[in-house]
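2 protein chains.
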Amino acid sequence: MGERDIIRDIFAPLTADAPGAFNLTDDAAVLDGGPYVVTKDVLIAGVHFRPKDPLDLVARKALRVNLSDLAAMGAKPEGYVLGCVWPGNIKRAAIEDFARGLGEDQAAYRVSLYGGDTTAHKLKSGPLTISVTMFGAPPKQGVTRRSTAGAGDDLYVTGSIGDAGLGLKALGREEKFTTVDKASLSGRYHLPEPRLSMGQAIAGLATAAIDLSDGLMIDVGRLAAASGLRAEIDAVSIPRSAAAAAWIARQDKRWRALAALSTFGDDYEIAFTAPQSMRRSVMMAAKASRTEVARIGSLTRGEGAVLLTETGAEIPTPRDGFDHFA
Amino acid sequence: MGERDIIRDIFAPLTADAPGAFNLTDDAAVLDGGPYVVTKDVLIAGVHFRPKDPLDLVARKALRVNLSDLAAMGAKPEGYVLGCVWPGNIKRAAIEDFARGLGEDQAAYRVSLYGGDTTAHKLKSGPLTISVTMFGAPPKQGVTRRSTAGAGDDLYVTGSIGDAGLGLKALGREEKFTTVDKASLSGRYHLPEPRLSMGQAIAGLATAAIDLSDGLMIDVGRLAAASGLRAEIDAVSIPRSAAAAAWIARQDKRWRALAALSTFGDDYEIAFTAPQSMRRSVMMAAKASRTEVARIGSLTRGEGAVLLTETGAEIPTPRDGFDHFA
Chain A
4 MGERDIIRDI FAPLTADAPG AFNLTDDAAV LDGGPYVVTK DVLIAGVHFR PKDPLDLVAR
64 KALRVNLSDL AAMGAKPEGY VLGCVWPGNI KRAAIEDFAR GLGEDQAAYR VSLYGGDTTA
124 HKLKSGPLTI SVTMFGAPPK QGVTRRSTAG AGDDLYVTGS IGDAGLGLKA LGREEKFTTV
184 DKASLSGRYH LPEPRLSMGQ AIAGLATAAI DLSDGLMIDV GRLAAASGLR AEIDAVSIPR
244 SAAAAAWIAR QDKRWRALAA LSTFGDDYEI AFTAPQSMRR SVMMAAKASR TEVARIGSLT
304 RGEGAVLLTE TGAEIPTPRD GFDHFA
Chain B
4 MGERDIIRDI FAPLTADAPG AFNLTDDAAV LDGGPYVVTK DVLIAGVHFR PKDPLDLVAR
64 KALRVNLSDL AAMGAKPEGY VLGCVWPGNI KRAAIEDFAR GLGEDQAAYR VSLYGGDTTA
124 HKLKSGPLTI SVTMFGAPPK QGVTRRSTAG AGDDLYVTGS IGDAGLGLKA LGREEKFTTV
184 DKASLSGRYH LPEPRLSMGQ AIAGLATAAI DLSDGLMIDV GRLAAASGLR AEIDAVSIPR
244 SAAAAAWIAR QDKRWRALAA LSTFGDDYEI AFTAPQSMRR SVMMAAKASR TEVARIGSLT
304 RGEGAVLLTE TGAEIPTPRD GFDHFA
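Chains as they are written, first to last, in my numbering: chain A, 4 to 329; chain B, 4 to 329.
To be clear, the hints were calculated from the coordinates, so they are not data collected in a lab. Careful: at least some of the hints might be erroneous.
To be verified - To give an idea of the chain A side of the interface with chain B (calculated C-beta under 7 Å), a few residues:
(1) D29
(2) P38
(3) A229
Said to hold, decoys possible - The list that follows gives simulated cross-link-like pairs (lysine-lysine, PhoX-like), each with its CA atoms no further than 25 Å apart:
(4) A:K172 with B:K125
(5) A:K256 with A:K179
(6) B:K125 with A:K127
(7) B:K256 with A:K125
(8) B:K55 with B:K94
(9) A:K127 with A:K79
(10) A:K290 with A:K79
(11) B:K179 with B:K127
(12) A:K125 with B:K127
(13) A:K127 with A:K55
(14) A:K143 with A:K94
(15) A:K55 with B:K172
(16) A:K55 with B:K127
(17) B:K125 with B:K79
(18) A:K290 with A:K143
(19) A:K55 with A:K125
(20) B:K55 with B:K125
(21) A:K79 with A:K125
(22) A:K125 with B:K143
(23) A:K55 with A:K179
(24) A:K55 with A:K172
(25) B:K127 with B:K185
(26) A:K79 with A:K55
(27) A:K125 with B:K94
(28) B:K127 with B:K94
(29) B:K55 with B:K185
(30) B:K55 with B:K143
(31) A:K125 with B:K172
(32) B:K127 with A:K127
(33) B:K55 with B:K179
(34) A:K143 with A:K125
(35) B:K125 with B:K94
(36) B:K185 with B:K172
(37) B:K55 with A:K127
(38) B:K256 with A:K94
(39) A:K256 with A:K172
Heads up, the beta-carbon is just placed ideally off N, CA and C, and yes, glycines get one too.
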């Protein structure tokens, strides 16, 4: 198996819908049109995914975490370039599994591979490292930023919170779940659902947005900090899946469990803000894009992001989310 | 040291000339304008650079190998997004060294950072891995492809061949060199010189081009294969630096030494083809862009890439260049 064979046989077919990719035979690709919204996320075995995760799912997650960034900005994805560093002892069949996953999500999200670089570690056991640069078209209303929330705005979040973190615990057998709950939670860990149609539907309506990768509290904290405001989140209004609700019900300290959910990573939901006067429009956008949306709090003058009980008491959060350098 | 501090203090200043980077506070960046030429190269410690190489030089090389891809296509570079996976035990000062190198070459090549992802290995000794996606504006004549050489075209190469490979041997003390030669050769290994102005000057004039990353023979072989032709290279016409010429003169088998030079990687020169009728225009483009250019052979009907003596005998080449999966 040579580098050329891998590129020609396994990756070049993924560029079929991208004439500017030149079938991966050139030094660079051409992206016609523009302007573009561009994002880049790197995934490393043992850090961002489990080393034994099926490679088709890893490939799809690598695309989806980037799609989620575009979703937060309201962009419509078009294509990506891919850098892979494979373990030194990788087998061709494993690369084929990976490419099959790419192909499935290319079809699901209508994006195409445009180019990249395929390399290998010197070490047989070097961790698979995947770098995706994804680009898309900005919404005509302009991209939704993080720093533009207003004081008094409502705070919303899509989908449900904490499932992927519970899925990771389920996969690692740190916690026990029913078979059904384990399947649903681990599915959320392996395959986040980028909220593209919702992100596009709220462009021009949302005052600010962020995708949740490191945990609700830390990421909403980032949006609040960028906007020079404080975020207050009503803990009970945080949307939970049935599996997460069952998990909370089994815990001794339920407030603490709820707080923990809000610090788990890998949600890839979107948190966004909008003026109170826009509540009806937000709900219509949610309905039109068939996305669950919950109003979970508001932005006020001040700083930080806090989780509050129904009576307004602050709930301490166990940690602030994942930090590669902490 | 936290991820946020690193991004805000060390990387955000590198976006000063790119308003669309939003000071690295958002989920994605906006690239105004377009169309774009886009390329991606990944560099791994121990594979693409020496683990002890100074990090400012590693950063500059990471930009330059991508700039070289754009040069081959005739594009004018504009900016890049950066993914870094640092060893788990990285120190802030090391990241600062790296960013200083980025800043130097950003100024030299007038490109800006637009965004990216900063992560770390779980392992303290995980290899530094750098993924750069570089984008630029295509030349108004259209990009120079690999697959469009014509039978009978001349084959040219910029600069000199094999220096970086000798530089690597000098750094690894595999071969002895004078102090002056060692400095010049290792400089060529650490800091390739992307041939941007020449690449732009020959857009519309060259029939095909490729940047030399894996070795003259393998890369010219790729150009020939993509064009459905055979490349014949006159070994004596391959441009050599004074240091490389001195090295050849010290070898017992000089033809073999010359052949070896043509298989060393990391040249980051451009090989290109042009019709014989364009010889004068090619030399004028070289002069205008202050780039050394040598005519080293031609494209003919057939396949493969061969190295020939003055009498037309084929010189066997020791290997075909670097392959990550071979």
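Verification of the supplied hints:
Below 7 Å, beta-carbon pairs count as interface contacts, and D29 of chain A has one with chain B at about 5 Å; its hint therefore holds. Evaluation of the P38 of chain A hint against chain B yields a held restraint, the C-beta minimum of about 5 Å falling below 7 Å. With its C-beta approaching chain B no nearer than about 5 Å, A229 of chain A sits inside the 7 Å limit, and its interface hint holds. For the proposed pair K172 of chain A and K125 of chain B, the alpha carbon gap of about 18 Å is at most 25 Å, so the pair holds.
Restraint check: the Cα-Cα separation between K256 of chain A and K179 of chain A comes to about 17 Å, which is no more than 25 Å; the hinted pair holds. Under the criterion of a C-alpha separation no larger than 25 Å, the hint pairing K125 of chain B with K127 of chain A is consistent with the structure, at around 17 Å. Between the alpha carbons of K256 of chain B and K125 of chain A the distance comes to roughly 31 Å, so the proposed pair goes past 25 Å and is violated. Of the pairs offered as hints, the one joining K55 of chain B and K94 of chain B holds, with about 14 Å between alpha carbons and a cut-off of 25 Å not exceeded.
Between K127 of chain A and K79 of chain A the CA atoms are separated by roughly 38 Å; this puts the pair beyond 25 Å, and the hint is violated. In summary, the hint linking K290 of chain A to K79 of chain A is supported, as the alpha carbons are separated by about 19 Å, within the 25 Å threshold. Only pairs whose Cα atoms come within 25 Å are accepted, and K179 of chain B paired with K127 of chain B is rejected, the gap being roughly 34 Å. A C-alpha spacing of about 17 Å is found between K125 of chain A and K127 of chain B, which places the hinted pair at or below 25 Å, so the restraint holds.
For the hint pairing K127 of chain A with K55 of chain A, the CA-to-CA distance comes to about 15 Å; that is within 25 Å, so the pair holds. Between the alpha carbons of K143 of chain A and K94 of chain A the distance comes to roughly 44 Å, so the proposed pair goes past 25 Å and is violated. Between K55 of chain A and K172 of chain B, the direct Cα distance comes to roughly 38 Å. Violation of the 25 Å bound is thereby established for this hinted pair. For the hint linking K55 of chain A to K127 of chain B, the alpha-carbon distance of about 21 Å falls within 25 Å, and the restraint holds.
Of the supplied pair hints, the one linking K125 of chain B and K79 of chain B is violated, its CA atoms being roughly 38 Å apart against a limit of 25 Å. Taking the CA atoms of K290 of chain A and K143 of chain A, the gap is about 21 Å. The hint holds against a cut of 25 Å. About 20 Å separates the Cα atoms of K55 of chain A and K125 of chain A, which keeps this hinted pair within 25 Å; it holds. Straight-line distance between C-alpha atoms of K55 of chain B and K125 of chain B comes to about 20 Å, which keeps the hinted pair within the 25 Å bound.
Our distance criterion of 25 Å between C-alpha atoms is broken by K79 of chain A and K125 of chain A, whose separation comes to about 38 Å. A threshold of 25 Å between alpha carbons decides the hint, and for K125 of chain A with K143 of chain B the separation of about 41 Å lies outside it, so the pair is violated. Between the alpha carbons of K55 of chain A and K179 of chain A the distance comes to roughly 20 Å, so the proposed pair stays at or under 25 Å and holds. Pair hint K55 of chain A plus K172 of chain A holds up; C-alpha atoms about 15 Å apart against a cutoff of 25 Å.
Restraint check: the Cα-Cα separation between K127 of chain B and K185 of chain B comes to about 32 Å, which exceeds 25 Å; the hinted pair is violated. At most 25 Å may separate the alpha-carbon atoms for a hinted pair to count; K79 of chain A and K55 of chain A exceed this at roughly 32 Å. For a cut-off of 25 Å, the pair hint linking K125 of chain A to K94 of chain B stands: about 24 Å separates their Cα positions. For the suggested pair K127 of chain B and K94 of chain B, the alpha carbons sit about 11 Å apart, so the restraint of at most 25 Å is met.
About 17 Å separates the Cα atoms of K55 of chain B and K185 of chain B, which keeps this hinted pair within 25 Å; it holds. Restraint check for K55 of chain B and K143 of chain B: the C-alpha separation of about 42 Å exceeds 25 Å, so the hint is violated. Annotation: proposed proximity of K125 of chain A to K172 of chain B holds, straight-line Cα distance about 18 Å (limit 25 Å). This hinted pair checks out: K127 of chain B and K127 of chain A have alpha carbons roughly 17 Å apart, not beyond 25 Å.
A distance of roughly 20 Å separates the Cα atoms of K55 of chain B and K179 of chain B; the hinted pair therefore holds under the 25 Å criterion. A threshold of 25 Å between alpha carbons decides the hint, and for K143 of chain A with K125 of chain A the separation of about 46 Å lies outside it, so the pair is violated. Taking the CA atoms of K125 of chain B and K94 of chain B, the gap is about 15 Å. The hint holds against a cut of 25 Å. With a C-alpha separation of about 9 Å, the suggested pairing of K185 of chain B with K172 of chain B holds against the 25 Å cut-off.
Only pairs whose Cα atoms come within 25 Å are accepted, and K55 of chain B paired with K127 of chain A is accepted, the gap being roughly 21 Å. A C-alpha spacing of about 39 Å is found between K256 of chain B and K94 of chain A, which places the hinted pair above 25 Å, so the restraint is violated. Note on K256 of chain A and K172 of chain A: the hinted pairing holds, with a Cα-Cα distance of about 18 Å set against a maximum of 25 Å.
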